[in-house]
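S.K.: Chains A and B, in that order, are what the protein sequence lines are. Taken in order, the first sequence gives residues 1099 to 1422; the numbers are from this note's numbering. Taken in order, the second sequence gives residues 275 to 719; the numbers are from this note's numbering.
Hints listed in this document are in silico derivations from the structure and should not be mistaken for laboratory results. There may be inaccurate statements among the hints.
Pairs of lysine to aspartate or glutamate, DMTMM-like flavour, derived with a Cα cap of 20 Å [claimed, not checked]: (1) 383(B) <-> 1371(A); (2) 373(B) <-> 413(B); (3) 447(B) <-> 487(B); (4) 1361(A) <-> 570(B); (5) 1174(A) <-> 1192(A); (6) 526(B) <-> 1104(A); (7) 1361(A) <-> 413(B); (8) 1102(A) <-> 487(B).
Computed far set for chain A versus chain B, every beta-carbon distance over 10 Å [as the list claims (entries may be wrong)]: (9) 1145; (10) 1191; (11) 1300; (12) 1303; (13) 1323; (14) 1412.
Now the stretches of chain A that chain B is said to cover, found in silico as 3 or more residues with beta-carbon under 8 Å [what the hints assert, rightly or not]: (15) 1314–1322; (16) 1327–1336; (17) 1353–1367; (18) 1377–1386.
No residue lacks a Cβ here, since even glycine has one placed at the ideal position from N, Cα and C.
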Amino acid sequence: MAEKVEIPVQKWSGRVREVTFGATKDEGGSRSRTVTVGGEATLPFLHFEGEIPHPPRVAIEIQDKKPEEWSPLLIKVWEEVIDDPAAWAKRAEERGADLILLRLSLDDAQGEENTPEKAKSAVRKVLSATSLPLLVFGPGQVDKDNELLVAVAEEAAGERVVLGVCEEKNYRTIVAAALAHGHLVDSRTPMDVNLAKQLIILIHDMGLPLDRILMDPSTGALGYGIEYGYSVMERLRLAALQGDTMTQQPILVTPGEEAWRAKEAKVGEGVPEAWGDWEERAIMWETMTSTALIEAGADVVVMRHPESVRLVKEAIDKLWMKEG
Amino acid sequence: MALTGLDIYKLLPKTNCKECGYPTCLAFAMKLAAKQAELAACPYVTEEAKTQLAAAAAPPIRLVTIGAGERKVEVGNETVLFRHDKTFFHPPGLMVRVKDTQPMDMIEKRAREVADYFVEYVGLELRFDGLAVENASGEASVFASAVERVKEMGLPLILISSDPGAMEAALAKSVKPLIYAADEGNWETMSELAKSHQAPLAVRASGLEPLVELVEKVRGAGVEDLVLDPGCRGLNDCLVTFTHIRRLALQKNFRPLGFPLIAFPGEGASSPEEEAILAGQHIAKYAGFVVVDNFDPALAYPLLTLRQNIYTDPREPIQVTPGIYEFGKPAPDSPLLITTNFSITYFSVANEVEGSGIPSWLLVADSEGMSVLTGWAAGKFDADKIAKTVKTTGIEEKVSHRKLTIPGAVAVLSGELEDELPGWEILVGPREAVDLPAYLKIWKP
Ligand code: B12
Ligand code: SF4
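Next comes chain A alone, as it looks inside the complex (with noise of 0.2 Å):
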């Protein structure tokens, strides 16, 4: 009498691009090896219904100088390496991490103005300290991004390093750079399907082709608008695999920043007790940033703190059994 059960199967039309990260040798670049990700066939983990290739990965995210304005918590776990880029590039790759990302800063650690001088030698430094694949990030100013990005292009040239960010207002002279030097970039849009694909197609249109950009759809903290980063990146990979190539893109997210921002992980003291112990708390708060994006379809998530990153790697390794 029991009914037979028949298991839903979604065929979708659309598979996600894959895009690989960092050049060995024999390729033109010095990483002992790459990382790709991507060409997922079916919503994260769902092996029953279609190939999943890659499983997502972490990058570890570090900066060229002591980041003063960050948690004392994430100072603290660092603190032996944090003055050194290049000895923070091989802890993070100790610690975990499938990629490293660079952050240049603005001004030096004299407070002196960045160069493109510097810039150069920070990521020179960190891709002779590890052999893992570079993403490298501009301050977030237009004009310095650009000066600083090109230098960094050209330092770096063969490496398939990623370079970022790209905005609607801010694209052109680095993916310019990228097209030149064989690097990769981060396409970056504040929480929207249509703008998101928008400057996929700008980027796209300038020659680099679409196996040398990620998806950045920006996020939000828990706390502070994960939901908005979360259905707008469920939407867009529903969209990738209906068959809507311009958003087949792999999606690279930076809930370490986010979370590190929120309160309830950079503070202390002064805050309700109900909140609990600070560090675990903050490590959580990062961790459950990222595990919400990750099954919401990231590819690439941009981590903070090693021990958050242990456990996402941990559930990420957990996600990606095929069985059990």
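Got chain A; can you put chain B with the ligands on it based on the hints?
M.R.: Just chain B with the ligands now, kept in the frame of chain A:
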């Protein structure tokens, strides 16, 4: 799945007598399908058609309630797979498990802790919903006294035992708990208990087909308020299994699985952190009840926040009413700040102003529920809107000075604002609300 007009037409008398007020039975059926008419308008529908129509109108996932009074929990009745398709309606009940092998005082202490815990988030008090008491001792009387101890707190309960005798003893001590669980061996007696106590019943089996079989038996015995445990415990198998069940219920209108799901993340995790991650997945991906073994504010707060965020209606951001807000009896020469009416923004600012202990005025502009920068980018929190808020709220009569502090994030607005608000000095405050107390301490009229 809703019936179409044609499906409904087939159940009508097809006489076109017009008494319903429509020219034909088909026209009436179309109106019914569009929910613009009531079936009662036709005097001639048969009882059988009525039952069929009622069954088809039932929600694809049944609404199940446990507990009573203010703190009762309602779960189920969801209609979409993705929150952006509409919204998720009933946040999963978050429950903390205690075992009757623990000393009674410990049980009571934990129960008290859960009952009293709340954390404030955007003006809401977020709480856990109840307790799950497990009959780990195997003794009926111990189980009953553990339940009696925690009953005091008035929280909804889940009673965990596979022994119907123990379950009956505990049921006598509780109000509409969830009975966990009917399985292959005990379903007949458990179903009887569920009926006689009018309590919802959880059904547990490993795998979907055995589960469906058991559900059919239990429903055959007359129990309809069910909660399902398909036996998965890990991150991947739960994601997959819960997705199957949600899709079957919503896309196939598959009745035997159209019930809320229960999850036990602690049983699939090797640490409290992992349990929290798994519980987070259950919140986003389709659980009706999540029973956790660890209760720690540092893990509870992020979980409660995630639940709040995922279950926020994407069709409208949570907002506060625009206007003048006073903190600590401000005087005419107290500081004046302006922010937006997006809840998250307002409360980030309000909490800091309040925490600073410095009496202040806070103007809340009607940014249509947008944050500072979103509002600015969308033209809902620009110089115009800020100037209008200052002029129309009557704040000019309340403060003696003419200094307005704007969020650091919109520093660029200050020039334009000074043009729009002659006589006012525009001060640029810190970028982050956390830095407001320090800023207010040095503020001078
Ligand atoms: C969530 C979000 C959205 C949500 C809306 C959320 C909402 N209800 O407002 C959605 C997805 C709808 C959205 C839409 C858009 N967004 Co938007 N969005 C964000 C996001 C991710 C978070 C915003 C947020 O909620 N922050 C949290 C709140 C609490 O922050 P806040 O309001 O600034 O308040 C803080 C401080 O300002 C301070 N503060 C607040 N008040 C006061 C007052 C005083 C006196 C002081 C001293 C301090 C202070 O305290 C708070 C805590 O520190 C940001 C990017 C980011 N990560 O910040 C982009 C962002 C704000 N969005 C942006 C844009 C451009 C848009 C769109 C215009 C895109 C588009 N073209 O569609 C639309 C506009 C809306 C529309 N047209 O309908 C841009 C703005 C760019 C700029 N610099 O101007 C941002 C910065 C993203 C980016 N980097 O490009 N967005
Ligand atoms: S009253 Fe009933 S039978 Fe008569 S036309 Fe309307 S639907 Fe048909």
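S.K.: For the pair supplied as a hint, residue 383(B) and residue 1371(A), confirm whether the alpha-carbon distance does not exceed 20 Å.
M.R.: Holds: residue 383(B) and residue 1371(A) sit about 18 Å apart, inside 20 Å.
S.K.: If we take the beta carbon of residue 1191(A), is the closest beta carbon in chain B still more than 10 Å away?
M.R.: At about 23 Å from chain B, residue 1191(A) clears the 10 Å cut-off, so the statement holds.
S.K.: Should the label of residue 1300(A) as a non-interface residue stand, given a Cβ cut-off of 10 Å to chain B?
M.R.: Per Cβ check, residue 1300(A) is outside 10 Å of chain B; nearest 19 Å; holds.
S.K.: For the pair we were handed, residue 526(B) and residue 1104(A), check the Cα-Cα distance against 20 Å.
M.R.: Distance of about 10 Å is within 20 Å: holds.
S.K.: Since residue 1303(A) was said not to touch the interface, does its Cβ keep a gap of more than 10 Å from each Cβ of chain B?
M.R.: 24 Å, holds
S.K.: Is residue 1361(A) close enough to residue 413(B), meaning Cα to Cα at most 20 Å?
M.R.: Violated. Residue 1361(A) to residue 413(B) sits at ~47 Å, over the 20 Å cutoff.
S.K.: Is the coverage entry for the region 1314–1322 of chain A by chain B consistent with the three-residue Cβ rule at 8 Å?
M.R.: Three-residue rule met by the region 1314–1322 of chain A, so holds; n is 3.
S.K.: Can you tell me if the region 1353–1367 of chain A counts as covered by chain B, using C-beta to C-beta distances under 8 Å and a minimum of three residues?
M.R.: holds (count 5)
S.K.: Closer than 8 Å Cβ to Cβ for three or more residues is the test here. Does the region 1377–1386 of chain A pass it with chain B?
M.R.: Holds: 7 residues of the region 1377–1386 of chain A have a Cβ under 8 Å from chain B.
S.K.: Does the structure keep residue 1174(A) and residue 1192(A) at a Cα separation of 20 Å or less?
M.R.: Given that 20 Å is the threshold and the Cα spacing comes to 17 Å, the pair holds.
S.K.: Within the assertion that chain B covers the region 1327–1336 of chain A, do at least three residues meet a Cβ-to-Cβ distance smaller than 8 Å?
M.R.: The restraint on the region 1327–1336 of chain A holds, since 5 of its residues have a Cβ under 8 Å from chain B and three suffice.
S.K.: So if I understand the rule, the pair passes when the alpha-carbon distance is 20 Å or less; does residue 447(B) with residue 487(B) pass?
M.R.: 31 Å, violated
Figure legend: structure checked against the earlier numbered hints; hints not met, in rising order: 3, 7, 9, 13, 14.
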